[in-house]
Every structure is written in C-alpha cells, then in structure tokens.
Amino acid sequence: MKITRFLLVGMLCLAPLAFAQAPAPPAAPPAAAPPAVPAAAPVMITDQDIKTLSGPDAKARANGDPDGSLTGTINDITVADPVTDKNPKAKGLTVGDIASQVGQNKIAINFTWTLITGFLVMFMQAGFAIVETGLCRVKNANHTMMMNFMVYGVGMLAYWLIGFAIQEGGVGAVANLGASPVLSNEFSITLFGKSWGLWGHGGYFLTHAGAYDVFAMVLFLFQMEFMDTALTIVTGTVAERWKYAAFVVSSFVMGAFTYPLFANWAWGGGWLATLGSSYGLGHGYADFAGSGVVHSVGGITALAMGILLGPRLGKFTRQGKPLAIPGHDLLVVLLGCFILAFGWFGFNPGSTLGASGNGNLRIGSIAVNTMLAGMAGSFGSMLYMWLRYGKPDASMTGNGLLAGLVAITAPSGFVNTVGGVIIGLIAGVLVCLSVEFVEKVMKVDDPVGAISVHGTNGLWGVISVGLFADGKSNYGGSWNGVDGSVKGLFYGDPGQLVAQLIGCATLIGFVFTFSFVVNWTIDMFLGQRVSAATELAGLDMPEMGALCYPEFEVKTQSVGA
Amino acid sequence: MKITRFLLVGMLCLAPLAFAQAPAPPAAPPAAAPPAVPAAAPVMITDQDIKTLSGPDAKARANGDPDGSLTGTINDITVADPVTDKNPKAKGLTVGDIASQVGQNKIAINFTWTLITGFLVMFMQAGFAIVETGLCRVKNANHTMMMNFMVYGVGMLAYWLIGFAIQEGGVGAVANLGASPVLSNEFSITLFGKSWGLWGHGGYFLTHAGAYDVFAMVLFLFQMEFMDTALTIVTGTVAERWKYAAFVVSSFVMGAFTYPLFANWAWGGGWLATLGSSYGLGHGYADFAGSGVVHSVGGITALAMGILLGPRLGKFTRQGKPLAIPGHDLLVVLLGCFILAFGWFGFNPGSTLGASGNGNLRIGSIAVNTMLAGMAGSFGSMLYMWLRYGKPDASMTGNGLLAGLVAITAPSGFVNTVGGVIIGLIAGVLVCLSVEFVEKVMKVDDPVGAISVHGTNGLWGVISVGLFADGKSNYGGSWNGVDGSVKGLFYGDPGQLVAQLIGCATLIGFVFTFSFVVNWTIDMFLGQRVSAATELAGLDMPEMGALCYPEFEVKTQSVGA
Amino acid sequence: MKITRFLLVGMLCLAPLAFAQAPAPPAAPPAAAPPAVPAAAPVMITDQDIKTLSGPDAKARANGDPDGSLTGTINDITVADPVTDKNPKAKGLTVGDIASQVGQNKIAINFTWTLITGFLVMFMQAGFAIVETGLCRVKNANHTMMMNFMVYGVGMLAYWLIGFAIQEGGVGAVANLGASPVLSNEFSITLFGKSWGLWGHGGYFLTHAGAYDVFAMVLFLFQMEFMDTALTIVTGTVAERWKYAAFVVSSFVMGAFTYPLFANWAWGGGWLATLGSSYGLGHGYADFAGSGVVHSVGGITALAMGILLGPRLGKFTRQGKPLAIPGHDLLVVLLGCFILAFGWFGFNPGSTLGASGNGNLRIGSIAVNTMLAGMAGSFGSMLYMWLRYGKPDASMTGNGLLAGLVAITAPSGFVNTVGGVIIGLIAGVLVCLSVEFVEKVMKVDDPVGAISVHGTNGLWGVISVGLFADGKSNYGGSWNGVDGSVKGLFYGDPGQLVAQLIGCATLIGFVFTFSFVVNWTIDMFLGQRVSAATELAGLDMPEMGALCYPEFEVKTQSVGA
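Protein chains in written order, with the numbering used here: chain A, 1 to 561; chain B, 562 to 1122; chain C, 1123 to 1683.
Hints may contain errors.
Stated by the list, open to error - Here are the simulated BS3-like pairs of lysine-lysine, each with C-alpha atoms no more than 30 Å apart in a straight line:
1. 1443/C x 1562/C
2. 86/A x 755/B
3. 1211/C x 612/B
4. 1116/B x 555/A
5. 647/B x 1316/C
6. 59/A x 86/A
7. 620/B x 472/A
8. 59/A x 89/A
9. 194/A x 1181/C
10. 1513/C x 1116/B
11. 321/A x 443/A
Quick caveat, the hints were computed from the structure, so don't treat them as lab data.
Full structure from sequences and hints, please.
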C-alpha cells in the first residue's frame, strides 16, 4: 500500500489549484510525510462514488414526510442513463447529470421569476382600467373600461404579428434565460463610423426563424406586458371622447411600430443602448425597467393625442379657465393604484429577467427602491396638495404614488434607497406641477393626468439615472456592453447624464412626431373623436350599446358636458 | 514523478466516457506523451478539493453586499457533516452535499412554481364572484357574491374530507414534486382485458395513509383550487333563483364526488388517461389543464341545474322569446375578467406542476398560448357582436376572453401559438353562437353565459387537442405513459382525436346524468329554487338578510322580474 | 496497465466513505479481482472531465427549442475562468463553478419565494382598504380609502427610517437568505442571569452599518409588508371619526416603535424568542407568521384607539344599546376578503423566508393549513349567525374567513390539517362572540370588527400553538435555538403553552398600554377625533375635499348619524 499512498500525495503536488474559489489546499509536503494522519489523506472521487449516491427509498417514505426531510434529495436529479433492473450496469448518476440539473435549475428559477413577474405586470392592466374609469364620469364608464380591456388584446395581436419582431428580433443571447441564439437579426446602418441598430426582424408570430423556442416565449410574454402598459396610458388622456373604432386602429399601430421601435433602440440592441460602447457616453442610454421606454412613450403619445383630439366639451370656460370634472368612483381609483403598485413589483424587479446568476440577487434592492419611491411620491403629492389647497386630495395622492413608481422605473436597478426616496419625492411634487402646467398653460385636457404621471415623470426617471446611479450595481460585470456599473453625475460620470438626455430628446422628438403624424392620418381617414351629441349623452350607449350601471340612479350633471 | 504521470494518463485511457452529455475527452495518446504540456494534464478531484471550497467570509461581507456578488455562494450549500471547531476533521462539504442541494433546489423550484400558480388559481374565485355578480341585478348582488364566496369553502371542505382521496388517492409518484409514494391506491377493475382505474382511495383529510406529506400538501392545494373553479361555474347559471341552503348541499356533493370522479379518470390514473397505453388511442384522453376536467364539468353541471331550476321569472315572454336582463355593474364584470385572465396564468402554466426538469421549461409557451387564445377569443366575440348587432358588446367581449381561455386550457401544453390563436378565435365566435342557442333553442336561462363559456368551449378545447396538438411538446419523454408527444389529427394522429371524443362523450353522458340525478334528489328533499315572492323581491333580504348596497338609490326595474 | 488497475482498486480500499448520504460502495474485494468485469471498475474524475462537459451548441439551437430540451443545460452554469479563443488553456468549468451555481440557485430560489410572497402580502393592503370601506357608509368612503391607502406609505416611511433598525437590527444571520452578518446589533440587558434582547439598532434607512445589502433588502421588503398589515387594522376600528392628520402621526409612531419593539422580542432575537433557550419554556414564544406580532398588535392597538375615541354618533342608544350601521357595499367587502385570503398565501407560507433547505419544503403544508383554517372560519361564522339569527350573514362570514386566517397565522407552520381546521372553526365562532362582547359589554364601537378579527383571534392563534403544535415540523433542526420541533400541550409540552401565554400577557399589557399612552398624548396635542359636525356631514368633504361617488344618488340615512 505504500506505493499507493506515495502516488496519491505525489499527484496532489502536481495538481494546479483546481477551483476558482478554492483557497490553496493545505500546502502538501512534497511527498515527505508518508505515514501518520490518515484521516486527512485526500481521497479521489470516482464515477462509482457518484453512481452510488442516493436518497431515502420508497419504503422510508411510505408513512409520509410531514417535515420535508425526505423530499428533494439526490433521487430527484434527472439521470440520463439510469440504473434499472434491465440495465444494471448503466452509468447511473454522473457528474454530468448533476451539472445538467444545476443548469436546468438556474434557467427554471429564471423562467419562474420572469414569468411570475410578467403575470404581475399583466395584472396592472386591471389597475389602469379602474383608475382611469373611476376618474371618468358614469356616462362614459363602460366605454373607458372597454378601451382599457381591449387595449390588452389589440396591443397583443399587433405585437405577436409585428411588434415583437421589430423590438426583440435582434436582441441576441440572453444569458439569464438560456442564451438561445434564435433572436439575432438586427437591421443596422453605419453612421459616424459606428453601427446603429434600427430595428429587429425575427420572430414574427413566434414562429419565424426559430422563434418557436422556450426562451423566446418567456421573453415575448414579459415584453408584451410592458408594451401593453404603454398603450393603455393613452386611453386615459383621451377618455370620454375617443371613437372606439379609431382607438382600435391607433392602438394597433402603436403596438406594432411606435413602441417596438423605441424599445429596440433602448433594449433590443439598438443605437441608444450602444451610445456607451460606441461613443463613450457612460453605459449608453440606461433605462432599467422603462421609465422612458414604457411610460414616456405612453405619456408622450398621450400628449400628442390630447392635442389632436382637443379637450372635452365643458372642460374649459370661454376664457380658457379649466374646470374640475371629478371622477365618479374614488374607491376604484385607489384600489386601482394598489393594483398598480402590486404589479410594479413585477415591472421593475422582473426586468432583471432572472434571479440566479449575473448579479440578479439585486432584485430585492430593486423591489425596495420601487416600494420606497412610490411611497415618497404619494407623500410628495399629498403634502403638496394639502399645503397648497388645504386638503390631502385622494386622486392626486394616488397619482403621486404612480408618479413615484414611474420615476423609479428607470433608476430602480442602479440607485440606493436614499436616492430612490429622493427621486420619488420629487416625482410626487412634479406630477402636481405638471398637471397644472398641462391644464393651465398647454390647455390640454387629460382627465386622468396620464401625461403628467407617465410622460413627465417618465422623463424625470430617465434623467434621474444620470444623476443618482451609484455605481454599486453589477449585473454580470457590464451594462450595455460597457464594463463596470452605471454611475450618474453625482457619482462622477457626466457622460451617463448625456446619454440619458439623448434618450429624452429622442422620446420628445421622435415619439411625439411619429405618434402625432400616425394619429393625424388615422383621424383623416376614420375620425378619432366622437360627435358632440355622443359626447354630451355619454359614450356608453352610442358607442358601446350599454350603460355601465343601468340600475343606479345618477345625479344630473352640473360640471362638464 | 514519472511513474505518477504515466499512471495518470493510463487511467484516463481506460476510463469509459464518464458523462452523459460529455463529448469524448481529447483522445489521449495511449501513454505515449510523457513530458510537455503540463497545463493540459488531467488532475484528479479529491474529497479535500471539495471540502476546501468556500465562498467569501463574514469579514468580507461586513460592509454589505449591494450588488449581490458575495451572496449565494458555496457557503450556502447545506453540509451534512460540517467542519467546526469541535469537529475539525469532519468531512465538510462533499459531492453528496452538493448533489443533495441540487435535488433540493429542483424540488424547491417546483414547489415554488406549483404553489404560486396555485395561489393565482385561487384568486380566480374573486374574478368569478364579481363577473357573476356584475352580470346580475342589484337586488340579488349579496346573494350572488355569497354563493361565490362560500363555494370556495364548501368545495374545500368536501375535497379535504373526500374529494381529494377519490381524485388523487391513486395518482402515484409525481416526479416533478419529489416522487413520493404516498398516494398510490387506485381502485381498478379489469374490462376488455385491460385495467380501468375508477377512483382513488387514499389521503382522506390529508392524514390517511401517509398523506401528511409535503408533496401531498402541494398537490392538494393546486388540485383543490381547480376543483373549486369547476364548482363556482354553476353558481352563475342558476344565479338569482338558487336557494342558498340547497346551494351549500349541491356544491358539497359536486366537490366530494362529481368533480373528483371525472378528474380521477383524466388525471388521477383512471381509465380515460390510459386509453392510449391500453387501446392505442394516441396518448389517451389529453387535457393539459382541464378544459374538460374543470370547465366542461362545471358548464355541463350548470346546464343540468339550469334545466332543473328553470328560467328566472320574466326572462321569457309567453311566446318563449328571451328578454335581455342587463347586469348591474359592467366595471366589475370587466375587472373580474382581468382577474380571471391573471389567474389563468396560474391555471395553465401551473399545470406542469413544476419548472425544472421533464420538459417543464415549456411553461413559457403554455403561458403565451393562454394569453394569445384569450386575446383571440375577445376579438372573436367583439367582432361577431359588432358585425351582427352594430356595437362591440362589453359583456360578450369579456365572455369571449373567457371562452378563449377555457378553450386553450386543454391544448395549451400541446400547441404552437398559431394553433392557440385559431383555437381562441373560434372560441370567441362559438360562445356567441352558443349563448344564442342555449337561450333561443334550448330555452335555458343562463344569466352569465356560463354554460356557453365553460361547457361548450370546454368541449371545444378538448376536441382542439385532437386537432392542433403539434407533437413538439415533450414532458419528460412521454404523456400518459405513451412515449413521444401528443399529436392531433392535423399533425397525423387520428387516434388522439378519438380519445378526445371519448372524453367529450363521457362528459356529456356521465357528468350531465350524474349531476342531474344528484340535484334532482336534492330538489326533492330540500327544494332548490326560492319562492316566486322571494325572487321578485330579490334574494338579498329574504335569503341573506342584508342588501348589497343599502345606501344607493336604485331605479325601478323595467325588465325582468 | 496491470499496475494501474491494481492501484486503482487499492486506493478505493483505503477510501473512507466519502459522502454523507452515500451507502457503502459495493464492498470491493481487497485487490483480489484483477481481470474481468471492466465495466464496474471505478473511474476517477478529473478536472478535464468536468471542463469538457457541455450542452448543445448554438448550431443545434438555431432552429428553436419548442420543447425545452436544449435549454437549461451545463452551458448555463456561470464559469469563473471560461475557455475562450484568447484563453484556450483556462480552467473552464470546475467543480467550484458547479458548487457556486448550486449555492447561487438556492439563494435565488429563496429570494424569489420571499419576494413574491412579500408582494402578495403588500396586495393585502388593497383587501383591507375595500373591506373596511365597504363596511363604512358612503359619506366616509373617500376618507376610509385614503387612510388605508396612506397607511401603506406612512408606515413604510417610519419603518425605513427607524422601525426596521429596531426590529431587525440584531436579527443575525438568516441562513435561508444567505447568512449575511450585516444585521447583528441587538441591545440586550442581563436579567435573572440571562440575556434579554430589547431592541436592535442597525440598518437605519437601509444604509447604516452595511445594510445596503441584498439580503437586508429582501428582509426589509417582507417585514415592511407585515408591519403595514398591523397598522392598517387600526384604521378600521376608528373609521368614520378619525381626524386624518392625527391618523398620519399615530400611524407613524406605530410603524416606528410599537410594532417593531414587539416584533423584535418575538422575531428579531429579543427576549420572547429566547424564553425557550434561556428558561426552558418549550421553544420560547413561537409565532410562525404573526398572529400575535402582526394581528394582535394591530387589534389591541385598535382596541386602545376605540376606547380613546369613543363610539360613532348614533351607534348606541341612550340606553347603551348598540344599533347596527350597515356598510355601503358588500360586493367590495367580499371581494376584499378574497384579496386578503389570496395575500395570506404570501403571509404564512412566505414566513419561512425560503423554499430550499432547512425544512422549507413544508411551505405546502403551511399554505394548506392557511387555506383550510380560513375555510373553517367562514363556516364557523356562517353557521353561528345562521343558527342564531336565521340568516347566513355576509359581513360576518367574511369576518369569519379572516378570523380563521388570523388564528392560523401563528400555528400554520406547526400543526397538521386537522389541527388547522379545528383552530379555524373555533376562530369563526369566537369572532362572532367577540363582536358581541366588544359591542354589548365593552361598549366599544368597531365598525369593521377589527378588534375581534385581529385582536381576539390573534391571541387565540398564539395560544393555539401551545395546544396543537404536533412536533412534526423541523426547520433545519431547531426553532428559536432549541433543538427539535415545537410541540403543544396536546402533544406533550406544557412549557410551550406557558411561553405562548407570556406572549399574550405581553401583548395585552405592553402593547395596549404603550398604544394608549402614545395616542392619548397625540390626542392632547393634535386632537384625534373630528368634530361632531364633520362626523354628521360625513368626513369626505370636510377632511378630504371630495366625495367618493359624486354622481350616484344616495338615500337619506336612517340609521347612524
């Protein structure tokens, strides 16, 4: 046996340090410690050692496992070549099986995380629906609900047919979701000596070019819910006067083109994302969960529509003074805000697209930032209104919560909680100022405040990344292909702020113009606004054929048409 | 040292390819490459190598871990025999510990997935409650809510006492949830030379026969929520006239017997599931998440009840012409539809009972199919009503969404997205036609359309598996004990369609008859319908002792009793 | 080659049994089986074997992966030193990488579980809001909603600034969430020869003392939601008469001090938790998910406030007879109960703070106990009211569900389903008796029954642990530092019941006194109750400046002020 021991120790000596995280093995004396301490002698691991690993058998488990100690064991690893009565010499459990299960577990966790957070984002549609409807009048409640209900379907159809391919067709491998190569067709041009990604073209109706793929499905689900969030913002601003048929067409175009284009630039491998790697502007446009991509796109399109359609009859006096037109159900407004805050826990933390690997454990931080900024936003609005008008207004407090959530959406992945609270607090005040500005200065009628909540605070969120990002996040080592963590101006990187401002300029310049032109065209062909008679009667009977609450007695209106 | 090197290389030569997925190791020259390239020399792995693996220590972590790089490391693996000051020669981390943690992680992921999706299914009860109540009249709102509220409890009690044991008592080992053997008592008879499973009998009140077991708990939770979904369908069809006490008894029987029996045949190891392995009919009755098991059982029982109780007073003219009786709150109807669509993301994708292993990563595909079919259903109904009656009706658009979701429930795990959209679109039109048929031809009064949404489209969903299943799903290699993937007629397997049609025939034949007889009996003893006076007054005060909305002024009714 | 074979077998002989769970390797003959059976010869595993493991390549995946068989493989394991074209001699995949990924996966699962269940708990705020508002009158609906809406923000601010540091600053390492050392500052005194933990002081605004840490974030989110649940209970009892400004101040104090102090004693390493390890009283105060910590603290503070503020005008006749004041919307009351039951699936099962490791697979059991006790509670109340007053009352049935859920919260982790059903059934009856007692005997006006639901049944839940805990749970081997499982009196441990009763005495003695004094002080400075004129008019216009439902016609009130 001596020679064996000798060899064992000898082999160890020539072994280079085998594992990344492993500290150096206890410096083995160079073959000079033959006898003694047998307990410490390293033992080699063989395939048989692994093959013979096993957990509790069926007999041990027959009486049940109340405390879970017999469940979830080695037995549960999938074995490629299992030992059976017919195949007693099979390999049984191997290191390869263990490693495969580890990889499978990682992707399964990340699919679970991304899907469930995606489901939460979907539920935000319900929140938007009742917030907007509660802020409208009884006579338009069915119509407002139906727009919010069908925007989900209209957007989804457009996105399945066209939008997803444009947005994500060239996104490339997503490590968190298994690094599938099926979405890798970005159309780019070369400009100023660098490649500018313009749009993707792969994955039409989840069938084209290998897109019938489990990864593509998970990505589609999550991104679809985001797109639909942007679309439903618009229905609030032009509620109580939008022709239902025009709404369907306009929303289809937005889901097929407007949203996916900007989303491609920011998230799908397009030119905004590469401002860092191409031109040294920080990490390029950084928008963690879409203050710009989702909320500003929605809010700015809403602004274009609000200008195009004009105010509701009776909103402004002949002198141009805006009159308040109260919503009909504050209970559902605040219930809807809670649903939105709930769903936002999907929106922001889910945007990691995973929980395991690549610094994804920061999901907790993202969730807390989201929660705190929403809180700070509701405080900001409540206190502003209380101090200015003497009462803590419910609608604006709800909008303040949403404004804080919108603002934190872009920075949630990059800031600490103090930054998050400051961003939210500013958002809460900003939304009040913006509502007044939109109404009193721009003379745009926005029944639910969507332009201010999503447009204004979406831009504020994008900018805040360029100020408050603290350089402590590290998602697998780089962001947008630039090594290191995103840092804002306050932490020493002015270039990041420039990238954010370029994003804002693009939102205002491109999205507004594109949306305005598209919807002006639809207006020419279809007409986007209902007749004055319809508007005065309320849209429910003329447009939808049914009242929302046919049995309740309703007061004769005194304010608004 | 030469001999060591020699031996090392020699050993490698005789090593059969050790790992399933591993490509052949770089063909090692047969002992003929003694010196050179020491970096490439294989190094054996010993228990000490593994024991000495470690992650960052407490000191490194004392300043916090903002980016998650120090959290979730080797340190987090549970060690059976940890090295401590008292036990410095303990084994420390071993391959067995790593493998145990891998198995534990797999089952933990699958428990997490199944539980959270089960929670989402539970939330569907809220959706059903407000959809049904919103479609009823103010005077019956408390009664309708209370039926929907207590059906959750009544069904759960019945299922805990009896139903679960019948349905799942013989389900056997479920690999995704840890392959516990505690539920393995199926009562079978031999017929035509094959075993026919009829019902299970194990796990009464989660205590009997080892059922106090973590696996059994997870399965119970998920299956309980499914059963309750079936029960709550019935309350819609016979709303506004069902005696509350009779509702309690009838629902108990359905949760204890009607539902569990059919569910055993389809999912619990019973005879419908084995039509493939026993008689070569495709993969046997394939109903991924229960278009038949849940929705048709609910819808067909609803039909039996609708026939038994007769229409509401005032629903039909003396000439038998049906009159529309509008619901009192469309806001909650559409809100409820959103809640249901949200919960359906638990219903269908959760039916894998896991995310890791066995082809479970298809959960993304299942979720997307669900989403798209719901969308297509809402489009189908909206367009049908718009074209036929001139307005996009809100109630029917909501029902169209639900019809699409019901129809995709069975095929969601087996079809691609194009198939899903077609199935949903057909469902959306079918529900409109079915509502007209039930009302005008069958003269059955169904205030919420539950027979058409769940019964008709449940059958359509079952059939659609036999048409559109594309043979690209592979849940661990077989389904219902038949190797390969489920394929419908359009992909070359007519036998699958036959199995589906046998399922439909069983639903119509057995469930209708059984439900009718049971409820006729209850009617004899208890009386199932309230008095005409109660119905005219509204059920809220006479049956429940309280109005739903005591402070709001309500219009005098003009339609309906 | 002979010598190699010889050595191989020889090494095996001296290998001590290498793995914890591994059965002894097939007794290898002591070097005496030289030729034959080469298939069974153990093969050593080398770093090269592992380095060469790989999954399907990009080419194989280019056509998509519909069934998930190519996704989630060895390729997905993060490799510290990956082989690339530039670095062909890198280590590639190592055992250390595999083990690191296993640890990362475990923590990722547990973060996922804790965060998602925490999100569900947050959604309970919506449920509380509409349950309480639905049980109030139309004229106070905006005010009640706003209190429930802002209690979320007020509590969160207080907790971020102060409360979290007090509660969790000394909690120490939480193995399920990665065992970070950053929260380990408990202030303790020595009393009766033992250390008594009084409060923590670390982690102020998630920045102090290393609290910018992914673990601390996840813990904060979960615990914050719990704290806010306690706070929102109070708003129900003093609804329809609480001055909004006083509500803000009072809630802040409760979130900063009252709740965190008791929570520290029970969960944060404080003296109630160590009653077992210090004084041998079972496992110390055991409150799995907070029947006492959350619900009794809320309910007992509500009682103090109810006494302090006095009843609503018109609640009692001059003779002291209580009059019923019905809520204005039973639909939202029961919808809210469903939301709460949904969120409770986060509350109780989430309190494991993980799914993988440490006996966490018991989450299924905890969820089922929760579900069943809620069911039993609704049955208990429904039947009690039906038998006593002739009708199955909707409000009390909803409260019965909540009472069952409150009661099971503490024992959910320690009892079997039969125990859970009994606990819930008793809770359902107890809540009815308590409502009568509070109203008729104590003459305290509690519009929503929060004192009885949360206070009384919270105490019952705490006591029930000391009776029904069955000793079959085993969360990593010990609870509160005492080896073994928690056992109640019925399973042989009277000491546990004593610990529970000490907890109850502390709740009644400390929390009531502290809350009363604090709120009495606030009353002195700010005034807590609105004026009689405001109360008669309804709080919505005077306090909030807007009606909840400005367009609906409301009946002239006949009952209540």
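Results of checking the hints against the structure:
Straight-line distance between C-alpha atoms of residue 1443/C and residue 1562/C comes to about 7 Å, which keeps the hinted pair within the 30 Å bound. Under the criterion of a C-alpha separation no larger than 30 Å, the hint pairing residue 86/A with residue 755/B is consistent with the structure, at around 25 Å. Restraint check for residue 1211/C and residue 612/B: satisfied, since their Cα atoms lie roughly 25 Å apart, inside the 30 Å limit. Annotation: proposed proximity of residue 1116/B to residue 555/A holds, straight-line Cα distance about 12 Å (limit 30 Å).
Under the criterion of a C-alpha separation no larger than 30 Å, the hint pairing residue 647/B with residue 1316/C is consistent with the structure, at around 25 Å. The straight-line distance between the Cα atoms of residue 59/A and residue 86/A is roughly 22 Å, inside the 30 Å bound, and the hint therefore holds. Of the supplied pair hints, the one linking residue 620/B and residue 472/A holds, its CA atoms being roughly 19 Å apart against a limit of 30 Å. Restraint check for residue 59/A and residue 89/A: the C-alpha separation of about 24 Å stays at or below 30 Å, so the hint holds.
Of the pairs offered as hints, the one joining residue 194/A and residue 1181/C holds, with about 28 Å between alpha carbons and a cut-off of 30 Å not exceeded. Simply put, residue 1513/C and residue 1116/B have alpha-carbon atoms about 26 Å apart, close enough for the 30 Å limit, and the pair holds. For the hint pairing residue 321/A with residue 443/A, the CA-to-CA distance comes to about 9 Å; that is within 30 Å, so the pair holds.
Hint compliance for this structure: no hint is broken.
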